[in-house]
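Chemist: Sequence:
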Amino acid sequence: LRQKLERKIRRLEGEVQELREQLHDRMQQIHLARREDPGETILLYDLIRFLQDDIRTYV
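Under this note's numbering, think of the first position of the sequence shown as 4, with each following residue one higher.
There could be a bad hint or two in this list.
[Claimed, not checked] Label pairs and their in silico Cβ distance ranges:
#1 Arg13 x Asp49: 42 to 48 angstroms
#2 His34 x Asp57: 17 to 23 angstroms
#3 Leu15 x Asp49: 21 to 27 angstroms
#4 Gln55 x Leu35: 16 to 22 angstroms
#5 Gln6 x Asp56: 26 to 32 angstroms
#6 Leu46 x Lys7: 39 to 45 angstroms
#7 Leu15 x Phe53: 16 to 22 angstroms
#8 Glu24 x Leu46: 18 to 24 angstroms
#9 Leu54 x Arg13: 18 to 24 angstroms
#10 Arg52 x Glu21: 17 to 23 angstroms
#11 Leu4 x Gln25: 27 to 33 angstroms
#12 Leu8 x Met30: 31 to 37 angstroms
Since the hints were made in silico from the structure, they are not lab data. Small disclaimer: the values here were computed from a predicted structure and weren't measured. The beta-carbon is built from N, C-alpha and C at its ideal position, and this holds for glycine as well.
Produce the complete structure using the sequences and hints provided.
Modeler: Here is the structure:
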C-alpha cells in the first residue's frame, strides 16, 4: 500500500510540475499580450486563475 501511495504521489507531483510550467508559459504570454491587446490580456488572466484553481486541487 505504501509503495502504491508513493507512486501516486510521484505521479501527482509530476502533474503539478507540468501545470506549473504551463502557468509560467501563460504568464509569459500575458506579458506579451498586454503590450498588444488589453482585451486579450483579461481573457488570459481568467485562464490563469482557472489553472491556479486546478493546481490547488492537486496540492
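Chemist: Next, verify each hint and record whether it holds.
Modeler: Hint by hint, here is what the structure shows:
1. Arg13 x Asp49: 42 to 48 angstroms: About 31 angstroms separates the Cβ atoms of Arg13 and Asp49, which means 42 to 48 angstroms is violated.
2. His34 x Asp57: 17 to 23 angstroms: 21 angstroms, holds
3. Leu15 x Asp49: 21 to 27 angstroms: 25 angstroms, holds
4. Gln55 x Leu35: 16 to 22 angstroms: 20 angstroms, holds
5. Gln6 x Asp56: 26 to 32 angstroms: Check passed, 31 angstroms falls within 26 to 32 angstroms.
6. Leu46 x Lys7: 39 to 45 angstroms: 40 angstroms, holds
7. Leu15 x Phe53: 16 to 22 angstroms: At 19 angstroms between Cβs, range holds.
8. Glu24 x Leu46: 18 to 24 angstroms: Given range 18 to 24 angstroms: holds, Cβ gap about 21 angstroms.
9. Leu54 x Arg13: 18 to 24 angstroms: 21 angstroms, holds
10. Arg52 x Glu21: 17 to 23 angstroms: 18 angstroms, holds
11. Leu4 x Gln25: 27 to 33 angstroms: About 32 angstroms separates the Cβ atoms of Leu4 and Gln25, which means 27 to 33 angstroms holds.
12. Leu8 x Met30: 31 to 37 angstroms: 32 angstroms, holds
Checked against the numbered hints given earlier, the structure breaks only hint 1 and satisfies all the rest.
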